[in-house]
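Student: The residues making up each chain are set out below.
There are 2 protein chains.
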Amino acid sequence: MSYRAPVAEMLFTLRHVVGLEGIDAEDAEAILSEAGRIAGEVLAPLNRVGDRHGTPFAEGRVTTAPGFREAYATFTAGGWNGLSADPDHGGQGLPKALEAACTEMWNGANLGFSLCPLLTQGGIEALAAHGSEALKERYLAKLVSGEWPATMNLTEPQAGSDLALLRTRAEPAGDGTYRITGSKIYITYGEHDMADNIVHLVLARLKDAPAGTRGISLFLVPKVLPDGSLNDLRCSGIEHKLGINASPTCSMAFGDRGGATGWLIGQENKGLACMFTMMNAARLAVGVQGVGVAEAATQKALAYARERRQGKAIGAAEATSPIVAHPDVQRMLLTMKAYTAAARSICYLTAAALDAAHGPEGKAAHDRASLLTPVAKAFSTDLANEITSLGVQVHGGMGFVEETGAAQLMRDARILAIYEGTNGIQAIDLTGRKLALDGGTTARAQIAWMRRAGEGLLKNADPAFGRMGARLRAAIESLDRATTFQLAALTSNRPETALAGASPYLRLFGLALGGACLAKAALAASAAQKAGETDPAHAGRVALARFYAENLLPAASGLEETVLGGGAFTEDAELALAV
Amino acid sequence: MSYRAPVAEMLFTLRHVVGLEGIDAEDAEAILSEAGRIAGEVLAPLNRVGDRHGTPFAEGRVTTAPGFREAYATFTAGGWNGLSADPDHGGQGLPKALEAACTEMWNGANLGFSLCPLLTQGGIEALAAHGSEALKERYLAKLVSGEWPATMNLTEPQAGSDLALLRTRAEPAGDGTYRITGSKIYITYGEHDMADNIVHLVLARLKDAPAGTRGISLFLVPKVLPDGSLNDLRCSGIEHKLGINASPTCSMAFGDRGGATGWLIGQENKGLACMFTMMNAARLAVGVQGVGVAEAATQKALAYARERRQGKAIGAAEATSPIVAHPDVQRMLLTMKAYTAAARSICYLTAAALDAAHGPEGKAAHDRASLLTPVAKAFSTDLANEITSLGVQVHGGMGFVEETGAAQLMRDARILAIYEGTNGIQAIDLTGRKLALDGGTTARAQIAWMRRAGEGLLKNADPAFGRMGARLRAAIESLDRATTFQLAALTSNRPETALAGASPYLRLFGLALGGACLAKAALAASAAQKAGETDPAHAGRVALARFYAENLLPAASGLEETVLGGGAFTEDAELALAV
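As they're listed, the protein sequences go chains X and L. Heads up, the first sequence is in the numbering used here, so the first residue is 16 and it goes up one at a time. Heads up, the second sequence is in the numbering used here, so the first residue is 16 and it goes up one at a time.
Everything labelled a hint here was simulated from the structure, so no lab data went into it. Just so you know, these numbers come straight off a predicted model, no measurement behind them. Do not take every clue at face value.
Quick list of in silico lysine to any residue cross-link-like pairs, SDA-like style, CA-CA up to 25 Å [unchecked claim]:
1. L:Lys327 with X:Arg182
2. L:Lys238 with X:Ala334
3. X:Lys327 with L:Ala451
4. L:Lys327 with X:Ala334
5. L:Lys151 with X:Leu452
6. L:Lys327 with X:Lys327
7. L:Lys222 with X:Lys222
8. L:Lys327 with X:Pro225
9. L:Lys545 with X:Gly93
10. X:Lys222 with L:Gln325
11. L:Lys285 with L:Thr419
12. L:Lys545 with X:Glu589
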């Protein structure tokens, strides 16, 4: 099998790192096991097929790879599309933390396929939160079941990260609907043959709307209108991309024949808020995609390293050893595995905060989710790039030829740090909005959470922990000082210094938080060993956390130095770049 | 123009960082300017063409992209193929440091094309150093002119990094020639239509040869025999690769009809030494390829960032700013530019050591080149991966669609850390051979060289240097302690600890050495300013060196910690990987 869902690790992480609530352990295991079966048996076999086939475009139609339509039918028939959605709309009402684990599986098995349900999730969130009752009545159950997938139509050629520049126009038609006219680009699954209708969520500007992002509204624009006729919209082309070739990336034309019919979601000119509802869900999901593809790359590289024999390892009996026996290859594989585990923990933690926001913790949990979302998105997807590239490296020359599949994972992963807000945008969001909004209160609370994990290590005398406690403490203190610096810089007369340090600050945040999560896992594993559990995975969890602490966490001090002392470049960047 | 050779920076680096000898400044400038013209006007326009066309294979023949054969004719007619070769064989006898700058240009303009002359260089080195007079008489001038390009036939399916496993066989034919039989894979430009003959250098094993690498011999096996008939060899297929699609990567079959005719190079069973002559030249050249593609990616990203307008930068007058005005984008671009400059310096420094090895300095320079070669290869090509990926990121969504060309640079670069010895092999070479061979003497001398550059900074009170002196000193001391640790670990009862730290040690070596090189450039630029030179590039060089010191050098402390304290993982890697 090309992808095997790491169900035991997911459950261990949910239970001991995140503290999964709202479902008992047996049910969670049953759901994850079945999801793992679907991922491994239905989606994974189509991963390479989709990459090779692409999505041919002709006469306005997009053809997905053979098997995709059937797989989508299997996926939606199993109820997997609406795992966390409200049962009132046909969802399963399961915790988002559990859903995150399933999303990881779909994307680890087949990123190109899984983009379709991922975007539908965003549509569900936006419609459920902001849609009128009539609109929800007509569309929500179809989105939740997946019968009609949703898309996000944001980008235009001149408006990528800067949505203030949007030009797509909307005009009231007088009957409660709007006429939408304009062009969008980079619309994932904007057109395809896996479903009979597609529900486009489109950002557009009303006539006389205020300039900038305060004049944007969100519209629901279906491919097929309620009366069964086709709406005035079409796919005008698809992109030739580096990866995720199984998924069509469409240019969309709205209103060639006078205007596509759309329905307003939320209020006029308040589209940005609706969009952020959709976008925040998608941002966390993109982080989870990173975890999925990182896991897939790690599995593939490890399998190859156990099979491929080159050179004799120190102390080996045979003339040639599997390359997994060589320390430098072990370093690569452990880096992949430890980073994947850290990113997984952070994403699940973020999802659990979203769950908790609906419970007694309320606003504090909501704020925590807001803080962690850019970290989950950017840290996980930066790591996905690094991990999939290491996966190629472990394969040596075989990694560079496409038949191995290692290169595809690297190509596919490369979009994750770009879409749903580039990782630079995430970093600016973390420092410039999330830290700034509450003066660092939520960040300090998260740092206190990390310290508690770190103190647990220092109190525990397990010799297998090595330098873990000291390394984690040093990283957390680096993060604490960097947080103080960023907060001060934001309100100084040189706020650009805070922006200059935003990316290394986010990396430091993710690095330290990941270390704290792995420490929690190690503590739980150590306790289980002491309680007599003989599962060798417990010793492995401790060893993996120790590797992370002793080999990856040391980067924290340099990141801190960079945040605190690196910002001078904004003064003479143009001079240096002109050399 | 899609690539513009950075002639002024190359000259500045050669003069002030490396100390170019053996050619006067005017001649060097004239040569680099003309090389830059060829790179920009002849090779660069074919870069995208080659990627799209690939190298179709049919009936044993490989077709390169339209324009490649003509470009190769222009290239060889200009004498560019034999720049550093002995004038007795038709070369130009120019310093290798100058040649490195030209190699950077070819590869920055068109990596796929430039692999052909790059491999020929290796063939020239091996033949000149080890070939019989008769063989040199027949082949060397043709290789130097480029009329007949050379290939390196090392890899077999079961023998990649481990050449001890080679199976290709050679048998004496009784007439002084040998019959070669076997299969090779991953043979770059193993077959193509840019020249009328191809000279294959093939590693094979004689009957009754000792097992392992002491039983390998090197043979010259031409496609076309001296009598004009075709030799018994053929291309049996080509690979579908992630990148460098303009260059064919061939599987080669020798001896289908009884044995290809080959001539021994050097002595029987001493092929490994000959191969290392060829390989060391190629390893440095691969490092230079990394610099070239990094420079190309930096130029492309910078041009895009100056053009693309999104968001309003702090303090900007207009509503939307070019993205180069945003601090986070500046960080990416400066990282690209500073790392490129560091890698360039290290590669040129290595080439200059090869030049000096033929002069009065002799063995010390030879040893320095040996030490620096794995650093030049691995540090530059790891950075090439990071820089080309940053290049994609700067382009945002445009970076992920192939039409921009940013993705091609990333795909092309990905092979560099793999071929001619993976970067893990380079790291093991640095610690396990280069440090071990002389107990660290050469490394200490190089560290002393770095310290002198660092002391120059601390003595100089130029306020534009910021924290540069302190940061560089800290990085050099980290390298010094890590060197002590690696040397001790090698002779300890756990030598695997040294191998476990080999990759971060190499990274630390390159990082600190690059910092010292940029410091030398900054000192020279500062001195030029004080002497009244008003070229704004001088201020830019200082600012770039400062960025490197304040934003990239801080990673040194973490790398040191990882080398010194990270090696425990070799004890329980399997447990952690099995989780």
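Student: List in ascending order the numbers of the hints, as given earlier, that are violated by the structure.
Tutor: The structure conflicts with hints 2, 4, 5, 6, 7, 9, 11, although it agrees with all the remaining ones.
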